[in-house]
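Let chain A serve as the given structure and place chain B on it in line with the hints.
Protein chains: 2
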Amino acid sequence: MPMPPITPSRRDLLIGSALMAAAPTASTAATPVTGTPPVPPEGPRKTLGMVVFEGFELLDVFGPLEMFGMINDRVDTVLIAEKAGPVASRTGPKTVADVSFADAPKLDIVMVPGGSGTRREVDNPAFLSAMTQLAEATPQVASICTGSGLLAKAGLLNGMRATSNKMAWQWATAQGKEVHWVPRARWVEDGRFITSSGVSAGTDMALALIAKLYGKVLAQWVADRAEYRWNQDASDDPFAAINGL
Amino acid sequence: MPMPPITPSRRDLLIGSALMAAAPTASTAATPVTGTPPVPPEGPRKTLGMVVFEGFELLDVFGPLEMFGMINDRVDTVLIAEKAGPVASRTGPKTVADVSFADAPKLDIVMVPGGSGTRREVDNPAFLSAMTQLAEATPQVASICTGSGLLAKAGLLNGMRATSNKMAWQWATAQGKEVHWVPRARWVEDGRFITSSGVSAGTDMALALIAKLYGKVLAQWVADRAEYRWNQDASDDPFAAINGL
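Top line first, the protein sequences correspond to chains A and B.
Just so you know, full-length UniProt numbering puts 222 at position 222 of the first sequence, and the rest follows in order with no gaps.
Just so you know, full-length UniProt numbering puts 116 at position 116 of the second sequence, and the rest follows in order with no gaps.
Take the hints with a grain of salt, since some may be wrong.
[Claimed, not checked] With beta-carbon atoms standing in for the labels, derived distance ranges:
(1) B/Gly35 - A/Asp190: 22 to 32 Å
(2) A/Glu178 - B/Pro38: 48 to 58 Å
(3) B/Asp233 - A/Ala84: 55 to 65 Å
(4) A/Glu136 - B/Asp236: 40 to 50 Å
(5) B/Pro38 - A/Asp190: 29 to 39 Å
(6) B/Pro125 - A/Ser129: 49 to 59 Å
[Claimed, not checked] Beyond 12 Å from chain A on every Cβ pair, some chain B residues (computed):
(7) Glu82
(8) Lys94
(9) Pro125
(10) Leu134
(11) Gln140
(12) Thr173
(13) Ala211
[Said to hold, decoys possible] Now the stretches of chain B that chain A is said to cover, found in silico as 3 or more residues with beta-carbon under 8 Å:
(14) 32–41
(15) 48–61
(16) 67–81
(17) 86–92
(18) 161–170
(19) 194–200
(20) 229–241
Read the hints as simulated data drawn from the structure, not as lab findings.
Heads up, the beta-carbon is just placed ideally off N, CA and C, and yes, glycines get one too.
If we strip away everything but chain A, and leave its shape as in the complex, we get (with noise of 0.2 Å):
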């Protein structure tokens, strides 16, 4: 039996459906989002660690600590660094590191960010050692930019699939000669371990996260909270290609 032609009406719907697929999205709800997480916490509370170093960048490590803090209800987050306290971003702000490695809490997730400062971590074998130790001891390991260069750079990586930022791609892949590096992807999931794209990815990777360890109806309540367009397709990666990946 032939198929049917398509008219221009059905045309309309087949291209608008793909582009609305592939688009960032906001929830369709159409009660009003509440304050209230639309669901309920279950099991315990989960601790998030997230690794700070001098020059780490801004977005990198507040885009996922915004939209884990969406759901405080059930977990905890805790920046940890060499030492505690203050550490400055590559640009200057600076946010305060509340435990040391080694007075660092049992981790659910460790994340590690990128910035310039990752070029210095990378030649620092005490830094590379405690992150190694912290992403050994924790079930769910997590990067955001060119802080996969650092995890490459110790080995955790080798055999895996991982992604980093585009921008820097030459040095952030130079880190691991045996990782899979993944060009065209805004993030990476292989076993424990997912890497994310440069900076604002970090955020997209952030809500897969929490929808893979609570569900995608939790996570789209956090990105509609956050008023943000969660880019939900790992393989939808307009900056690989005008990066010339």
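What follows is chain B alone, placed relative to chain A:
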């Protein structure tokens, strides 16, 4: 003369270009994004002051500071609070105020974020007075999220068009009865005030401000470098409707 019939291919183009125009963008530059801004600095450096208070919202502060941080060859940033030192966000992670209001340098841009702390600061005359003095002395005033509630409470937005967070709309708009509140807007510019919607909207607003101050080529470079899909259309706000506005 009758209009030529709209052929399927022409319809595709029209539909496609309309959707593309509405969708957040990435640059289509053929050459890789470089670390050097495409527009050289011109004129004196500017200073951007970000006001912080206990209970600020992380992404309200660090989305805009990330984008302006990409052009730190021409913009310095300073964090300002009632007193210098560590300041905790709504969910715990801290930043560090560089100076108190009394010690703030002359600014070119001042930004006021939102967060649960706004509910306390609207009843803090010392904070409102210091913020007002700073805003009156600064040529460009911006707010993110419920930060517009603080500006409104101080009377700074009387007679102006402004917007705010969509989930906290009732609270924010109640802070200023003489403000022309615009419910459906990613951000609103009126005179020297630019107010954005909730949390993530501040990042789009910051890029709009960079485009206004330095041109769209530089703003697109900033977005591309941050691997950020910039929503360039101030009227493109899906979060009004999902909050029943």
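Status of each hint after checking the structure:
1. With their beta carbons about 29 Å apart, B/Gly35 and A/Asp190 fall inside the hinted range of 22 to 32 Å.
2. A beta carbon spacing of about 36 Å between A/Glu178 and B/Pro38 contradicts the range 48 to 58 Å that was offered as a hint.
3. Distance hint check for B/Asp233 and A/Ala84: the Cβ-Cβ separation is about 43 Å, which falls outside the suggested range of 55 to 65 Å.
4. In this structure the supplied range 40 to 50 Å holds for A/Glu136 paired with B/Asp236, their Cβ-Cβ distance being about 45 Å.
5. A hinted range of 29 to 39 Å for the beta carbons of B/Pro38 and A/Asp190 is consistent with their spacing of about 35 Å.
6. Against the hinted window of 49 to 59 Å, the Cβ-Cβ separation of B/Pro125 and A/Ser129 comes to about 52 Å, which satisfies the hint.
7. At roughly 17 Å, the least C-beta separation between B/Glu82 and chain A is larger than 12 Å, which holds for a residue marked as non-interface.
8. A beta-carbon of chain A comes within 12 Å of the beta-carbon of B/Lys94; the shortest separation is about 4 Å.
9. Every Cβ of chain A is farther than 12 Å from the Cβ of B/Pro125; the closest lies at roughly 27 Å, confirming the non-interface assignment.
10. In this structure B/Leu134 is separated from chain A by more than 12 Å, as the shortest Cβ-Cβ distance comes to about 18 Å.
11. With a least beta-carbon separation of about 19 Å from chain A, B/Gln140 lies farther than 12 Å from that chain, consistent with its non-interface assignment.
12. Every CB of chain A is more than 12 Å from the CB of B/Thr173 (nearest about 15 Å), matching its label as outside the interface.
13. Consistency note on B/Ala211: stated as away from chain A, and its beta-carbon is indeed over 12 Å from all of that chain's, at 17 Å minimum.
14. Judged by the Cβ-Cβ criterion of 8 Å, the segment 32–41 of chain B is covered by chain A as claimed, because 4 of its residues qualify and three suffice.
15. Residue count for the segment 48–61 of chain B with a Cβ under 8 Å from a Cβ of chain A: 5. That meets the three needed, and the coverage hint holds.
16. Figure legend: the segment 67–81 of chain B, annotated as covered by chain A; annotation consistent (5 residues with Cβ-Cβ distances under 8 Å, at least 3 required).
17. Against chain A, the segment 86–92 of chain B contributes 5 residues with a C-beta closer than 8 Å to a partner C-beta. That satisfies the three-residue criterion, and the hint holds.
18. Counting residues of the segment 161–170 of chain B whose CB falls under 8 Å from any CB of chain A gives 3; the rule of at least 3 is met.
19. With 4 residues carrying a beta carbon less than 8 Å from a beta carbon of chain A, the segment 194–200 of chain B meets the three-residue requirement, and the given coverage holds.
20. Coverage of the segment 229–241 of chain B by chain A holds in this model, with 4 residues showing a Cβ closer than 8 Å to a Cβ of that chain against a need of three.
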